[in-house]
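Visitor: Assemble the whole structure, with the sequences as input and the hints as a guide.
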Amino acid sequence: MTVQELSLPATPVGLWGLAWRRLRADRVAMVALAVVGLFLLSVVLAATGLVAADWEDEVAVNYAPPSFVGPDPALAALALPPRPAPPNAFDPLAGDIAELRAQLARRGHAAHAAKRTTLPFGADKWGHDIVRKTIKGGQTSIVVGLVAAFVAVALGTLFGALSGFYGGLVDDLFNWFYNVFTAIPSILMILTVAAVLQTKGVLTIVLILGLTGWTGPYRLIRAEYIKHKAREYVMAADAIGASGWRKMFVHIFPNVSHVALVQMSILVVGFIKAEVILSFLGFGVPVGVVSWGSMLNEAQNELILGKWWQLTAAASAMAILVTAFSLFADALRDALDPKLK
Amino acid sequence: MFAYILRRLWQMLPTMAGVVVLVFVLFNWVGGDPSYLLAGKMADARAIANIRAQLGLDAPWYVQLGIFVKQIVTFDFGNAWATGEPVSHIIASRLGPSLTVLVPLTVLETTIGIALALAVAFVRGSLTDRVVMVACTVGMSISILVYIIVFQYGLAYKLGLFPVQGWGEHFTENLLRYATLPILIGLTVSLAPTLRLFRSFVLDEVGQDYVRTARAKGLPERRIVWVHVLRNAAIPIITYVMANLPALLIGAFLLERFFGIPGIGREVILAVERSDFPVIKAITVYVAAATMVFNLLADLMYQAVDPRVQLK
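Taken in order, these protein sequences are the chains called A and B.
Going by the working numbering, the residue at position 174 of the first sequence is 174; the numbering climbs one at a time, nothing skipped.
Going by the working numbering, the residue at position 111 of the second sequence is 111; the numbering climbs one at a time, nothing skipped.
No wet-lab data here; the hints were simulated from the structure.
Since we're looking at a predicted model, the values are computed, not measured.
Cβ atoms here follow ideal geometry from the backbone N, Cα and C, with glycine treated the same way.
Each hint can be trusted.
Some, not all, of what chain A presents toward chain B, calculated at C-beta under 10 Å:
1) P185
2) V193
3) S316
4) V322
5) T323
Far from chain A by the CB rule (all over 12 Å, computed), these chain B residues:
6) R7
7) V69
8) F75
9) A115
10) L176
11) H228
Now the stretches of chain A that chain B is said to cover, found in silico as 3 or more residues with beta-carbon under 8 Å:
12) 270 to 278
13) 299 to 306
Guide: Structure, rendered in structure tokens:
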């Protein structure tokens, strides 16, 4: 037996291994992680088209109630296929329409399939299935939240690393930048950028949120770099001639990446909420794209008609995800930084 | 003290300059040419050139920046594009309704938040504490939109306890009739995050030596909490509340929009919808200035509450 085998445990456990162990012991965190995992799975399935790709099919009558409520007798007439119009000898388009109908039938479109009067969780104004719509809307909201949080943390990390590592003039410059961005309240900043960009689109929201949200990660990452740059391992890297970028991102970054990860999980929650509000106000996703925010926008008017299901579906899907994500983010922070508490 | 305030104001200048440049760059380079927007759908080249000349858009950038700085300093942003109302009048007249909602909301939120935080922090780790904290997490995860939609529908539309929306002429009528439900909703939404934050401030204090000393000399628990701990926990609380006031002015935009309150927040939304750039520019610059001034005020109050703090 060599000396090395004696002195070291079989598998050395690093920061991430220890954090995972702590997380595993936390039952709330594991349940939250499972819920978040389910939502992410639905996003992947919806994005690949395996699930909810056909959410725009008008499968039910307008505002079909959920199955557990039972069909609405007032809507029963809508479920019947429309009566064919009586033949009209003077209709100049009759020949063309007959031709089009024949084409549709050849391509396999059933003319006016009987519409359902109830769906598992009801239907919206156009008869779209609410369950599929919620999944598709979740895809938009969650992807926006994740990508925007990634952009914000990447920017914050880059700025924070440069600022903390180099100090001096660079630090002053970025601090000035930080002061400018924090002087404007974030929601006002978001609305201002939305007003300027004028274009609606998923990419626009991601940019708005990402470009305005970097200040929080910046402050924390900068503090970490100031702390780490004087450590011995960085001096050792310096001694073997590592470049500034190499020291910053190969040597130091792995040691501060947990801060970035925790920040990202906190930002995702905030950005999902922000996307919902932006889309609700009409500054977010374009017409034709569904998100939880645009669903809430429709649901607001439906509620007055007594059609509560779309509101309930979008609101509870979002509440469940955000609760699980926040609980997981809290547990992640505790697991990665056991000194805190 | 006076020297300190002067120096802090002096230090604000570069930040303020940054805000001005940022807003200028956003609206002049990132955004499109507003003259096409203003000229309407049937625009010809002459009309567009005319509008560009009126807005100063045909001048070099440093002249345009000069115009913008002059607008800020003289509080004269011209007229709003959509309505023709002077921007300074818009801001002055929308401030009142916003404050009618925000001042009672902030006072209630802070008092209730402090009382609950002290109560919860002193039974920390107990079942009550954990249930309250989980309730806060769940409460925070429901979108503010859902609170507003459900409360407005349930309490105002169905039960008729409050007016669905509207705003009157008189302050008391507004406060007691129209602002009540928005304040109630604002309180419901903001109490959970406030409570979580204030609880952490209080928890930082209850472990301190002076609390043990106070207990050791036999003070009743009530006195320890309400006198000793509260005075120390008040410092971060004041900083937080003061520094957040200007942001709140905008943050209430959803409440103002849903309840038809003619406040600053609703004005921002309207301006964004109508691409009314002068209004957005003016509000952004002044809110940023207010944020900086309130940060200074927070530091000044900080010293008033805590004599140990020396302002340098």
